[in-house]
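Given these sequences and hints, build the entire structure.
Going down the list, the protein sequences come from chains L and U. The numbering of the first sequence is the numbering used here, which starts it at 56 and goes up by one. The numbering of the second sequence is the numbering used here, which starts it at 56 and goes up by one.
Worth flagging that the hints you see were computed from the coordinates, not collected in a lab. Treat the hints with caution; some may be incorrect.
The list cannot tell twin chains apart, which means a pair is met if one copy fits it or any two copies do.
Computed cross-link-like contacts, PhoX-like style, restricted to lysine-lysine with a CA-CA straight-line distance of at most 25 Å [stated by the list, open to error]:
| id | residue 1 | residue 2 |
| --- | --- | --- |
| 1 | 149 | 65 |
| 2 | 234 | 65 |
| 3 | 149 | 234 |
Number of protein chains: 2
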Amino acid sequence: MTPSTTALLKPFGVALELDTGRMPEPRNHLVRRASDLRGYYADAAALERLIADGGDPVHYEVFEVPVPNQPGHLMYCISTLQPGVVGEECFFTKGHYHAVPGTAEVYLCLRGEGYLVMKTAEGAFAAERMTRGRMVYVPPHWAHRSVNTSPDEPLVSFCVYPAEAGHNYGDIAVEGFPKRVYRRDGRCVIE
Amino acid sequence: MTPSTTALLKPFGVALELDTGRMPEPRNHLVRRASDLRGYYADAAALERLIADGGDPVHYEVFEVPVPNQPGHLMYCISTLQPGVVGEECFFTKGHYHAVPGTAEVYLCLRGEGYLVMKTAEGAFAAERMTRGRMVYVPPHWAHRSVNTSPDEPLVSFCVYPAEAGHNYGDIAVEGFPKRVYRRDGRCVIE
Numbered sequence: 056m057t058p059s060t061t062a063l064l065k066p067f068g069v070a071l072e073l074d075t076g077r078m079p080e081p082r083n084h085l086v087r088r089a090s091d092l093r094g095y096y097a098d099a100a101a102l103e104r105l106i107a108d109g110g111d112p113v114h115y116e117v118f119e120v121p122v123p124n125q126p127g128h129l130m131y132c133i134s135t136l137q138p139g140v141v142g143e144e145c146f147f148t149k150g151h152y153h154a155v156p157g158t159a160e161v162y163l164c165l166r167g168e169g170y171l172v173m174k175t176a177e178g179a180f181a182a183e184r185m186t187r188g189r190m191v192y193v194p195p196h197w198a199h200r201s202v203n204t205s206p207d208e209p210l211v212s213f214c215v216y217p218a219e220a221g222h223n224y225g226d227i228a229v230e231g232f233p234k235r236v237y238r239r240d241g242r243c244v245i246e
Numbered sequence: 056m057t058p059s060t061t062a063l064l065k066p067f068g069v070a071l072e073l074d075t076g077r078m079p080e081p082r083n084h085l086v087r088r089a090s091d092l093r094g095y096y097a098d099a100a101a102l103e104r105l106i107a108d109g110g111d112p113v114h115y116e117v118f119e120v121p122v123p124n125q126p127g128h129l130m131y132c133i134s135t136l137q138p139g140v141v142g143e144e145c146f147f148t149k150g151h152y153h154a155v156p157g158t159a160e161v162y163l164c165l166r167g168e169g170y171l172v173m174k175t176a177e178g179a180f181a182a183e184r185m186t187r188g189r190m191v192y193v194p195p196h197w198a199h200r201s202v203n204t205s206p207d208e209p210l211v212s213f214c215v216y217p218a219e220a221g222h223n224y225g226d227i228a229v230e231g232f233p234k235r236v237y238r239r240d241g242r243c244v245i246e
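The structure is reproduced here in structure tokens:
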């Protein structure tokens, strides 16, 4: 029933910086800049100004140490989404479904404030507040995107999902999300 | 391929207190006192003194909001293990295998210091340090137990595991772990 011990993955530990959202010794380090988000924001001209005049700033980073992408294993990462707006729209991550759609994800917010916005392929929408200490459960079949609503603080999250889940970015690149998050006169609006 | 939206679990958020290790509105709240750990420590007489003279103190607490225990879902909890010794042995949790042995678990330490000690049914042993910001990966087939080595601070952890994993406490109650963690003259020893 149990595979031989030599065949088993051995336990290991990884250091995370819970305040900065960094992993000092990652094996995977994903960096998305403003220019990687072309086609995602409502105000495309504002994004181009940010890229040209704003130095194409880092939008978000994800740090991982991968495990076997097999059922029973769990992937985990720490990510940091910078504060900012494109026009009036708060910085967000691309968002994705899982390639294996029937798999959940757990988000634990460690710093900052924002939303996890979620949708199903059939068009249902949900937005859950992310603040320090708030855990958001993304059930199977829900695409998810992080949004940073703070004017000045990064949004840091720790995430766990089944290792076989994978990512499906393509459908969201086409569909988008039914609602967007704006900051106007210092207030957040979802519309 | 996608179940109808009405059949899907809806996203939700839960507040966690990352410093105290509490969940203000849990649906499950497990409390283990010293008397629940009879048979687990090397010095049974010291445990009885702690129960009789020490007021049977709380050893650890686990807070959860359950999700369907079906493949693809993820269970998560926040737990707090109090500091203390039984004789010279540091306070620990009972420890368990998963009832579905081929399932991993992710531990994120939020506060305190200690070890996650792990073993396989074949007798392999591992100990990974738990300090704030350290993530420990418990691969499939490894039983795991938390140990608090601090003289005065609780050990707070956030955990995620596949929802269908379940718990098998019985085998560890019989087998124990190959090594124990002691505090002697202010130093930690694993032997």
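Indices of hints not satisfied (ascending):
none
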